[in-house]
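K.L.:
Here's the letter readout for the chains.
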Amino acid sequence: MPGVFPKWTNQLPLNIAAGLAIAGAAVAAGLGYYFTPKYTRVGYQPIQPVPYSHATHVEQLGMDCRYCHAGVERSWFAGLPDASRCMNCHHQVLAGDPRLAPVRDSMQTGAPVAWIQIHRTPDYVYFHHAAHIRRGVSCLHCHGRVDQFEEVRHDQPLSMSFCLECHRRPEAYLRPLDQVYNLGWNTDPARQNEQGRLLALTGDMRPPLSCSGCHR
Amino acid sequence: MKNDAPARPAPWKEPRYWRSLDELARTPPFQEWLQGEFPDGAQALEHPVSRRRFLEIMSASFLLAGLGLGGAGCRRPEEAILPFARIPEGYDHGVAEYYATAMPVRGSAIPLLVKTHEGRPVKIEGNPLHPQGRTGTDAFAQASILNLYDPDRLRRFTRQGQAVAPAAAIDFLASQAREWAERRGSGLAILEGRASSPSRERIERLLRRRYPEARWYIHEPIDLQIARASAAMALGQPLAPAYRMDLARRIVSFDADLLGTEEDAHRWIHQHARGRQLDDDGRDPARLYVLESLMTLTGANADHRLRLEPARIPAAAARLWWEVHRQAGWAADEESAALRALANSYADPNSWCAECARDLVESRGQCLVVAGHRQPMAVHLAAWSLNHRLGNIGRTVHVRPAPAAAEKEGLPELAASLRAGQVEALVILDGNPAYTAPADLDWRSAQRMARTVIRLAASEDETSAACDWQIPALHFLESWGDARTGDGTVTSVQPLIQPLFGGASGKDGGWTDLEFLARIGGLEEQRPREIVRQTIRELAGSGDAVRQWRQYLHDGFLAGSAPAPASPAWQPGAALECWHSAAGSLAAQAASPGLQVVFHRDYSVDDGRYINNGWLQEMPDPITKLTWENAILISPRTARLHKLAHFDRIEIALRGRTVEGPVWIQPGMADNTLGLALGYGRERTGRVGAGSGYNAYRLRTAAALHADTGAQIRLVRRPGKKDRIACTQDHGALEGRPIVREASLDQFRADPGLASGAMRIEAHRPPAASLYSHPPLTGLHQWGMAVDLNACVGCSACVLACQSENNVPIVGRGQVARGREMHWLRIDRYYAGPPDRPLDEQGDDPQVVFQPMMCQQCEHAPCEYVCPVNATVHDEEGLNVMAYNRCVGTRYCANNCPYKVRRFNFFDYHRRPLDRLYRGPLAPKAPDERDLIQWARNPDVTVRMRGVMEKCTYCVQRIQQAKIARKIAAGISGDIRVPDGAIVPACAEACPAEAIVFGDLSDPNSRVSVLRRQARCYRALEFLDVRPRTSYLARIRNPNSRMPDWHEHPWSLEDALRRREGGRPGQAEPAGRPEGGG
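Quick note, the sequences are listed as chains H and P, same order. Read in order, the letters of the first sequence are residues 1 to 216 in the numbering used here. Read in order, the letters of the second sequence are residues 1 to 1078 in the numbering used here.
One chain only, chain H, in its complex shape (with noise of 0.2 Å):
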């Protein structure tokens, strides 16, 4: 009896596995690198009610990053400044200029200004700024070199991989206290190792790799 299927058919569960492979990996490398927040966050600047420069602030001024974000060595939540607090400044400086109208009617009525939120991490995460602030993680290693920015924008991934890389070797990121603010600090990696274990050590750093140091 003559073949139904012709010989050519042979061929073709081999061809459907193999496009299926490839069809597969694609999909997985396009996932891996489109749905991950090395893609999707980082870069996201959005266009905040006030113009405010980061870089003007601290780089031409000087101010501490605490003077705004004056949580950050007590709280989870590093704080964003209230009304009052640019008002302190601006009620000489720019006093009338335009891009700061936002901030003296909040001051005037009392509603808050709506800055939009760039820096997130998932409800069931709980991430805490004073425990690394306090323990010598500057503000670098998660929002780079915000104090030359003129827009904030989101600087480094935020994954779990992202931070797990720190909490598996804290060694290559721990600074002295002082110069956890200073964001231009910097030492050549050799000597940022050698000084960050002797820091790791004398500090007992046990950076939590399980479950329970970020999820409750």
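Just so you know, these hints were derived from the structure itself, not from any lab. C-beta: ideal position from N, C-alpha, C; glycine also. Treat each hint with caution, since some may be false.
Unchecked claim - So, partial list: chain H residues that the calculated Cβ filter (under 7 Å) puts toward chain P: (1) GLY43; (2) ARG74; (3) TRP76; (4) PRO98.
Based on the hints, put chain P in the right spot on chain H.
P.N.:
Positioned in the frame of chain H, the structure of chain P alone reads:
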């Protein structure tokens, strides 16, 4: 095939405990429940969702998901951060703040420290600074936070049921006040409940001055005031008694449920636990004797318990008095003559009273006799007389001067003057008299006789129907006020949040009782804060008023405001007179035929005030383990006599009134007695409380508020499927495995290993070798917990504290009946009967043990091996943690857990209305309801969604917060070890008995490490080699060897020892009981 644990002990060789009569008799329903891998249809998607319906729903939800993806894109929605315009001084967003306040309860208050997050109160804890000591809280205080966010609270000012503007009520009361003042208050009647607020006393004095002819009435459906009234009578001046259960070596209770339903129970639990402590210096625990009709928490914790019909308790108390009198060799006098007849009416058949009396006489000045609020004045005076004669006053019972209560009449007098047309305006300050009034007063019609009824109301209820004006009452967390705690300390009540329903200014949300009274009186100062401030200024006396006020608010109490103990002289006349007048009727009552009835305060809903609180409703009753409902409690023997079974619907007829309810056969109940819990069966209440239970108030008359005789019962029908009540007592049954341990004091002193069970199954423990690899436990701390079964009385405050702290959802009656309750911490209640009696008599006088059961944090955790997605794993510090986001809901872990402590979210309990759970995502969301209750959630804990397993993690959020706080303080230094005691899990925090101790096992000096070295320490199911991190301290009973019900060992242990020695099953071995593996 059901697969038993290989190392399962032969059941009859182990101490035998049972949780229910069904388990004891191993009836088919119990077996069925036990054998089901998941109880009752937990696997099947069953009615009313068919398989087809399920598919429809699923496809609909996929469609929705697709739309969401396609329409909204992948970007996260934009959200705003809204900083303050002006930040309050000292405020850090994200750091919880604590304020001292208090929960007023009847004539007392519970001092509290309340945690707020971003201005929302989220968790209630005891105030450790308060002079009463670290007495924790009770379950009501824990749950009261839910009442604050109750969407069914009265939100509007109403007139004739129609909403009006608050200003209308203010104007109306102002004009009324002028009118009343002109008429000197004639025609005005004010009805209130018990309160302990000094400010309220002050305002009342002002009102009495303004309205000298106004009449004041008091109504408290379950009035606990008799403890004070009797002290005043016996000692001739207004006094508040303060027991020292920690100092008393022998305690006798005449139906006083000190550990449960009496005033300030949390305080007595605290002292009781102290008194029961076994020190290594050889101090013996106290001994507790209880005479009672119901099985109460106090009776369950007693060393000797005499159960009697309610009408015979006064006689038995008199008998005990008489026996003490005789054995102490006191001369016959008028008092003994007055009690003689009553004492003789109780025969003391097994000389229980005589031996108890001997023990009292032998510990003069170190014993304590207390009568409960259900007992008549004569019994209270007998107790006071014993305390006086045995020299206890000033030693084990202190009395402090209390503010003299102004003369107030009761509800019957008010009803009479209403009917006589003497009341023009009725002001109702507290309570719900239309529901709680004695049935023979016909209160509803009486209330309509008043021309105007003005009421301060917490919710729409039965009384609302006949009210002209209703003013919403503020919750105590929104109120300025004050209160006196049981020791007389003036304690602050301060608001933690603006009135929820009061708009932006908070002004229109309602009034506190102080503001209401001030407006009724047309007083000048109507702002409650200023009223309280004025009171405190007066009470504090000289000094810097501003500083005193601040200190008072900060500490939560006015230091030194508790009056010093008084030592008044005994007033023989009052007791004599009372006994002479009461003895005859009490003796007659004891002889009356028919069933007797006890009306009792419910452990879950109190007198009905917590009916709309889902946490309390779902909390299993500490004794019966019933949820969401009350039942007619009846003893096993009486049930047999009347041929009744569980859940049979019966009708009780009492003095011409009837009520119908389900039967619950309660081991340890007095025979011939029906126990009726008050507070259920509401006609008009919120969504949670609607339709739960039957209303026992309908049988209650003004003459017999607490107990009555002459009841008849009639079977209405056998229970149908709808009549089953959600009871948790058989949930998570451990099939006779030896999980609770206890011993008698003498045997424990002789052989300390007896309690912890070294001679038992653990001797056959397999060599410690595990087939699995285990993560190294290298953390700096190694967490562990110790639970002292000797201290735990089963009050269930911890269950609610856990629910509040950990966002544990309410699942509803239907789900509880299926075994799906979500409590991470449950309290197992075990019974043990006398081993030498037949099965039928096992439930007559059982011994009771309570065991809090939560995740044991096994080092070799069986749940971890079976999780296919690593959602439950160990951390370095020995916690068995749950990563909710990894969990896919296979439920293998729950199945493999030997302690049955894992809970699965079968539905989206947090988001969907409980009566439409089965409609899944198609169920409508009720926005107001859910949003409001969300405010009560703890932001430090994930709110779990459907399909996720959850369990206790020793409050991992508190552990992490304490570690972080330590690290923040340490800075770059290595000083990061959390000091012992810095972490207190929610359950331990709430526990009045300090039965739960948490700490670091790697520190040999931590409290938990010290406890673990005690001889009576054991770990549950240790033979499984799961190495739990929680250990238990065995319960030590302290029975009196001369008592008729004395046994050398606790019954369970005696049973086991006897059968082990004999190598054969005991006499009471029920037929068909499986031997070996089963």
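K.L.:
Each hint needs a verdict: does it hold in this structure or not?
P.N.:
Against the structure, the hints:
no. : hint  : in the structure
1   : GLY43 : violated, 12 Å
2   : ARG74 : holds, 5 Å
3   : TRP76 : holds, 5 Å
4   : PRO98 : violated, 19 Å
Hint compliance for this structure: hints 1, 4 are broken, all remaining hints hold.
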